[in-house]
Amino acid sequence: MPVGPQHPALKEPANFTFVVDGEHIVEVRARIGYNHRGMEKAAESRTYIQNLYLMERICGICSVAHTTCYAQNVEYLYQREIPPRAEYIRVIINELNRIHSHLLWLGVAGHEIGFDTLFMYVWRDREHVMDIIEAMTGNRVNYAINTVGGVRRDLNDQAIAKARKVLDILEERTKYYKRIAAAEPSLISRTRGIGILKPNDAVRLCAVGPTLRASAIKSDVRKDDPYSAYEEVPFNAVSYDMCDVFSRVLVRVDETLEAINIIRFCLDHLPGGPVRLKLPRNPPAGEAVSKVEAPRGEDIHYVKSDGTERPARYKVRAPTMGNIPAVCDMLTSKADHTVNIGDIPIVLASIDPCFSCTDRAIKFVDPWKEREWIWSHEQLEGYTRRKSRP
Amino acid sequence: MTEAFVEAIIQIAQILIFPGFLFVIGLAFAYEWFDRKFYAKLQNRVGPLYTGPRGFLQPFADFVKLMAKEDIVPLAVDKLLFNLSPLVAFALMLTAVLLLPISSPTGILSFPGDLIVAVALMTFFCIIVFLSGMCSTNRFSAVGAERAIFQLLGYEIPMMLAIVGVALGANSLKIADVVWRQGENLWYIFGPQAIGFAVYSVAVQAELERIPFDIPEAEQEIVAGWLTEFSGRKLALFRLSRDVELVFVAGLGAALYLGGPLGPIIPGLEPLLYTIYFIVKTVFVLVVLSTVRALFARLRIDQMVSFSWKYLIPLSVLQLLLVRLVV
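Protein chains in written order, with our numbering: chain P, 1 to 390; chain C, 1 to 327.
For the record, the hints were derived by calculation from the structure and aren't laboratory data. Please read these numbers as outputs of a predicted model, since none were measured by experiment. C-beta atoms are modelled at their ideal positions from N, C-alpha and C, and glycine is treated no differently. Please note: incorrect hints may appear among the correct ones.
Claimed, not checked - Residues of chain P clear of chain C, computed beta-carbon distances all greater than 10 Å: (1) Asn-142; (2) Ser-186; (3) Ser-189.
Said to hold, decoys possible - Here are the computed lysine-lysine pairs in the DSS-like style, where the Cα-Cα straight-line distance is at most 27 Å: (4) P:Lys-175 with C:Lys-41; (5) P:Lys-178 with C:Lys-41; (6) P:Lys-291 with P:Lys-218; (7) P:Lys-178 with P:Lys-198.
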């Protein structure tokens with residue numbers, strides 16, 4: 001039974017082919033790559049400043065995580081620290097982004113199990129956080145707040161006052177949803193014991209982010225390898241040990257509550273000073289890797305500079321990529337538990353997939369001739385040249 | 001001669017116009033609108049808005065639009081079944097509403113045992129669902145059809161037991177008798193039959209394939225389930241039969257538990273008042289159904305069946321015992 005590339009449960013194209021026995025899933029084959037956009041190649045042909053806007057568009061939901069990662073990466077190339085106020089603002093915007101992303105996910109999860117009322121309510125409340133983001137950055141989706149060397153806009157008092165007010169509402173609502181999640185029987189019966197990912201499997205399959213933390217492993221880039229101002233902010237890495245979808249719901253709801261506290265702390269302790277460091281146009285030659293805890297998990301960017309105004313190579317590993325093997329494992333029936341067709345949507349959704357961020361042309365598969373091959377960079381270039389020859 | 005002729009004309013008008021097909025179809029659109037609007041209110045949305053006052057004409061507009069759309073018959077389907085099933089489904093539901101007491105305490109068709117026919121028509125509808133899913137030769141349709149039958153195993157027995165309770169109470173298998181009996185005494189919803197009403201409202205939710213039991217057409221899992229391959233006029237007919245079924249189910253609920261169209265009467269205005277009472281009571285049933293729909297997440301098929309065998313059936317048996325003790 002095919003799910004995708006076009007399927008109501010998937011908001012983006014991907015294909016999962018399921019071998020089913022009645023209602024039970026025996027095997028799953030994932031096929032990604034429908035939404036390859038050539039971002040990395042595009043990054044090589046743009047300047048470092050232009051790339052900010054490209055990176056913002058890797059993902060529509062965790063846009064700021066990618067720009068933070070990118071900006072940090074380039075700052076590592078310059079080997080310069082950005083002003084502390086800019087670091088705090090980055091943390092605030094990143095956490096607001098996390099709240100918005102997790103609430104969005106909670107709504108989608110509700111929708112996937114047919115609980116549309118939850119979906120509508122959560123998305124209504126998510127508008128509050130969108131409003132704060134708009135007040136702070138001027139935009140709702142692609143905030144364009146980060147820049148190489150700091151942030152582009154300072155926070156004004158009006159936005160801060162508004163944020164404080166709205167955070168109270170959000171906290172109350174999020175706590176309410178947590179109570180609902182813990183008490184609503186039909187929701188529990190659809191998520192408890194579903195999509196099991198054992199801790200050792202989670203590590204073996206390189207799961208990241210909330211998916212990993214829901215399998216009892218407390219791994220969070222913000223804690224393990226702090227960036228920006230995360231070192232100075234007190235917060236807990238949330239983790240639950242039920243290893244199922246229910247535990248992923250709880251992790252995300254709790255992370256939303258943590259994020260609210262982080263933002264409050266940052267607003268209270270916002271240092272003064274400038275928000276931006278003026279840097280020379282071309283970074284020195286070198287390489288850098290930067291990691292950011294995006295709402296979906298660890299986001300890794302790699303940059304190689306040859307001293308010109310454009311990166312020589314840019315590589316992005318979006319978090320969903322790390323979770324694809326894990327979700328295939330969750331969807332396969334094991335000796336001790338079976339997976340039903342009815343569980344496909346919620347289990348797929350439980351990793352909060354974002355396929356357009358993930359897709360890379362790494363392997364060519366011809367499913368009809370059952371042929372697979374990999375091209376090197378030169379071969380690929382040669383192919384492009386042949387094709388583009390008039 | 002002329003008298004018999006006039007009589008026949010009146011009967012045909014009753015069947016075709018009021019309170020028969022035309023009225024019920026109009027009511028079906030109105031109830032779909034009400035259901036959507038009320039469901040939207042519960043979810044903090046506005047619901048249909050643009051077509052007609054407060055979006056009242058939206059279901060009708062949807063129907064007209066679907067009628068005008070391209071009607072695709074896939075190559076691999078069983079043509080006869082595929083073309084016939086929407087018609088049969090629609091015909092089944094129109095027949096069923098003739099049994100409902102709307103403008104008088106007896107339906108247009110009324111005979112001893114019509115209660116059994118009403119239940120049978122609902123089950124036939126489910127069989128049509130299964131057949132149309134299977135004849136589509138689509139994987140999603142097949143899974144949906146399989147689920148529809150599996151679901152039937154879950155909800156049919158508790159629903160029947162609940163209705164048996166009513167029949168026991170009235171000592172008759174005729175809907176009109178059940179209604180009269182409630183006119184003489186209390187409505188059945190006040191008393192042990194209230195359990196039956198609860199069971200009935202949950203079970204018909206499955207019959208109507210609405211959340212939490214919209215498993216055979218679970219959008220996120222199997223696209224549109226058994227409906228996946230239907231388009232254009234066929235889909236329109238299926239949707240209309242669903243709406244008529246909604247009227248039927250709400251009307252049956254009202255007839256069995258809320259005293260049907262009975263209420264205080266001004267002589268001379270009976271048909272009008274009966275119709276008004278019917279609408280008020282069915283809307284009440286509809287409110288119950290829509291609220292249930294907004295409150296829960298969709299269950300999985302195995303959870304649905306075990307839920308109904310663990311809770312619904314014991315409840316309906318309990319209701320039977322209580323009714324037996326009271327009567």
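Hints versus structure:
no. : hint                     : verdict
1   : Asn-142                  : 27 Å, holds
2   : Ser-186                  : 4 Å, violated
3   : Ser-189                  : 6 Å, violated
4   : P:Lys-175 with C:Lys-41  : 23 Å, holds
5   : P:Lys-178 with C:Lys-41  : 23 Å, holds
6   : P:Lys-291 with P:Lys-218 : 17 Å, holds
7   : P:Lys-178 with P:Lys-198 : 24 Å, holds
The earlier numbered hints that this structure contradicts are 2 and 3.
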